[in-house]
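Asks: Chain residues, written in single-letter form:
Number of protein chains: 2
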Amino acid sequence: VSATDRGLAYGDGVFRTFIAHHGVAQHWSMQYAKLAADCTRLGITAPAASTLEAEIRQVCTSEPECVVKIVVTSAEAERGYRRGGGVPTRIIMTAAVPKHAAEYRQSGVRVRTCHLRLAHQPALAGIKHLNRLENVLARAEWDDAQIAEGILLDADEHAIGGTMTNLFVVTQNRLATPHLDRCGVAGVTRDRIIAAATRNDIACEVRAVTMKELRRADELFLVNSVVGIWPVQSLDGNPMPVGPVTKRLQRCLDEETDAQVA
Amino acid sequence: VSATDRGLAYGDGVFRTFIAHHGVAQHWSMQYAKLAADCTRLGITAPAASTLEAEIRQVCTSEPECVVKIVVTSAEAERGYRRGGGVPTRIIMTAAVPKHAAEYRQSGVRVRTCHLRLAHQPALAGIKHLNRLENVLARAEWDDAQIAEGILLDADEHAIGGTMTNLFVVTQNRLATPHLDRCGVAGVTRDRIIAAATRNDIACEVRAVTMKELRRADELFLVNSVVGIWPVQSLDGNPMPVGPVTKRLQRCLDEETDAQVA
Numbered sequence: 012v013s014a015t016d017r018g019l020a021y022g023d024g025v026f027r028t029f030i031a032h033h034g035v036a037q038h039w040s041m042q043y044a045k046l047a048a049d050c051t052r053l054g055i056t057a058p059a060a061s062t063l064e065a066e067i068r069q070v071c072t073s074e075p076e077c078v079v080k081i082v083v084t085s086a087e088a089e090r091g092y093r094r095g096g097g098v099p100t101r102i103i104m105t106a107a108v109p110k111h112a113a114e115y116r117q118s119g120v121r122v123r124t125c126h127l128r129l130a131h132q133p134a135l136a137g138i139k140h141l142n143r144l145e146n147v148l149a150r151a152e153w154d155d156a157q158i159a160e161g162i163l164l165d166a167d168e169h170a171i172g173g174t175m176t177n178l179f180v181v182t183q184n185r186l187a188t189p190h191l192d193r194c195g196v197a198g199v200t201r202d203r204i205i206a207a208a209t210r211n212d213i214a215c216e217v218r219a220v221t222m223k224e225l226r227r228a229d230e231l232f233l234v235n236s237v238v239g240i241w242p243v244q245s246l247d248g249n250p251m252p253v254g255p256v257t258k259r260l261q262r263c264l265d266e267e268t269d270a271q272v273a
Numbered sequence: 012v013s014a015t016d017r018g019l020a021y022g023d024g025v026f027r028t029f030i031a032h033h034g035v036a037q038h039w040s041m042q043y044a045k046l047a048a049d050c051t052r053l054g055i056t057a058p059a060a061s062t063l064e065a066e067i068r069q070v071c072t073s074e075p076e077c078v079v080k081i082v083v084t085s086a087e088a089e090r091g092y093r094r095g096g097g098v099p100t101r102i103i104m105t106a107a108v109p110k111h112a113a114e115y116r117q118s119g120v121r122v123r124t125c126h127l128r129l130a131h132q133p134a135l136a137g138i139k140h141l142n143r144l145e146n147v148l149a150r151a152e153w154d155d156a157q158i159a160e161g162i163l164l165d166a167d168e169h170a171i172g173g174t175m176t177n178l179f180v181v182t183q184n185r186l187a188t189p190h191l192d193r194c195g196v197a198g199v200t201r202d203r204i205i206a207a208a209t210r211n212d213i214a215c216e217v218r219a220v221t222m223k224e225l226r227r228a229d230e231l232f233l234v235n236s237v238v239g240i241w242p243v244q245s246l247d248g249n250p251m252p253v254g255p256v257t258k259r260l261q262r263c264l265d266e267e268t269d270a271q272v273a
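As given, the protein sequences belong to chains Y and X, one line each in that order. When we follow the numbering used here, the leftmost residue of the first sequence carries the number 12, and every step to the right adds one. When we follow the numbering used here, the leftmost residue of the second sequence carries the number 12, and every step to the right adds one.
It is possible that some hints are incorrect.
One copy or any two copies: either way a pair holds, since identical chains are not told apart in the list.
What the hints assert, rightly or not - Under the rule of at most 20 Å between Cα atoms (straight-line distance), these lysine to aspartate or glutamate pairs were calculated in the DMTMM-like manner:
(1) K258 x E87
(2) K110 x E89
(3) K223 x D167
(4) K139 x E74
(5) K110 x D154
(6) K80 x E64
It is worth saying that the hints were derived from the structure and are not from the lab.
With the hints as extra help, turn the sequences into a complete structure.
Replies: See below:
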């Protein structure tokens with residue numbers, strides 16, 4: 012990547028991370044739709060879906076299953092914040108599927124509450140953009156390998172999500188997930204959970220979620236497109252059950268993915 | 012630069028931009044102090060001053076005067092927000108000194124107020140980090156080459172600075188500049204102006220500044236380490252005088268720089 016790329020200079024770009032099987036991205040139409048929508052919000056011309064599909068196939072040739080990360084930046088450019096209208100840069104990378112993922116899906120993860128508070132920036136909220144210093148600083152708050160994820164609150168002390176996951180709360184068989192119109196990243200798996208809940212007659216609200224609700228919840232879980240659904244087994248040292256709604260939604264998502272792969 | 016560099020992936024790094032004469036950075040001790048302090052706040056090990064000095068000399072060999080940009084990122088790394096403790100990446104780039112700078116210093120610049128509001132993030136405020144999407148989006152609000160800079164307000168409607176400059180207001184021969192403890196970038200030239208004002212018995216306050224004050228000010232000026240002091244000749248189409256305090260401070264800074272170069 013060029014040292015003058017605006018992705019490096021300013022974080023002027025977006026990304027998505029997901030699993031690919033034999034060169035085919037899981038839930039690609041949703042991933043691409045999010046990537047393109049994020050580009051549009053930032054004023055970047057999204058690459059064509061077909062171009063990215065071909066490039067994903069190419070980087071995944073030898074791997075039956077891998078993590079793919081797509082980065083799209085606004086362009087290489089001259090110095091200065093003004094965009095010059097160059098061609099967006101595409102970067103497609105692969106990585107191994109994390110080893111812990113399967114175990115965590117079953118027994119759940121230990122999580123902590125982060126000290127850092129997410130800033131409210133409606134112009135960037137929901138977008139999976141490259142300005143991720145808040146996530147980096149939050150992740151740097153702990154070094155205990157037993158803690159898999161940290162919960163981020165915003166400036167109003169509302170829960171927004173994990174450093175790399177979206178968050179769901181189950182209370183009396185009803186789901187809630189934080190709205191992301193002032194901060195946070197709106198992931199594909201979050202949308203899939205909301206859709207799966209609706210299909211399965213589980214009420215699901217998108218709204219402000221307090222820490223008090225998290226502590227009193229019947230179940231908590233964290234989601235992203237690489238790990239799927241991680242039940243929370245403890246929050247700040249307080250044990251939580253891996254409950255029936257979480258397990259049911261895990262099965263729904265697995266069936267959906269299996270159907271797509273098959 | 013590696014596609015896995017954390018500077019690209021997350022904007023996990025800092026930068027400084029300044030003028031160098033024959034390979035020697037202007038006001039280097041201040042530039043380095045800021046760079047090192049910003050690294051420390053982000054938890055990045057700052058490169059040694061001597062290493063950077065040698066590299067600046069090297070990239071500037073053939074140029075009597077040029078713009079130098081230093082970028083320091085936390086490291087190349089594996090996927091994920093967690094830092095792995097790799098060696099920070101150093102990037103040193105040069106560019107030509109912008110042509111408009113001298114003319115604008117004399118006759119002043121036309122500026123507009125941006126629509127985007129800066130988010131409050133005390134953990135990042137003041138740092139010249141690589142998460143600059145707010146600046147990019149603000150700069151994308153206008154395309155009129157006659158407008159040299161845009162004023163950014165924060166979520167409380169206080170003026171913070173330009174997209175690439177710090178801001179000073181002159182009212183009844185007193186200076187004020189926005190405090191930057193919730194957003195904005197604290198530049199070296201801002202510090203130099205505050206020091207020069209003190210030396211010249213000009214009162215200078217660091218505090219909240221409203222748009223109303225800007226509109227009613229006797230003089231306004233914008234500063235950074237590449238352009239020096241730009242007087243504002245119009246704000247949102249309303250003419251403003253290029254006044255005596257601005258001119259006096261321009262002379263102070265020029266004398267200081269000349270003394271250093273000589």
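Asks: Are the hints correct? Go through all of them and say.
Replies: Here is how each hint holds up against the structure:
1. Taking identical chains as interchangeable, the C-alpha atoms of K258 and E87 are never at most 20 Å apart, the minima being 45 Å within one chain and 37 Å between chains.
2. For a Cα distance limit of 20 Å, the shortest separation of K110 from E89 across copies, 14 Å, qualifies, whereas the shortest one inside one copy, 41 Å, does not.
3. For the homomeric pair K223 and D167, the shortest alpha-carbon distance inside one copy (13 Å) is at most 20 Å, but the shortest distance between copies (28 Å) is not.
4. Within a single copy, K139 and E74 get their C-alpha atoms no closer than 26 Å, and across copies no closer than 40 Å, so neither meets the 20 Å cut-off.
5. Taking the closest pair of Cα atoms, K110 and D154 come within 20 Å of each other only inside a single copy of the chain (18 Å); across copies the shortest separation is 49 Å, beyond that limit.
6. Only within a single protomer do K80 and E64 lie at most 20 Å apart by alpha-carbon distance; the minimum there is 12 Å, versus 36 Å between protomers.
Comparing the model with each earlier hint shows violations of hints 1 and 4; every other hint is respected.
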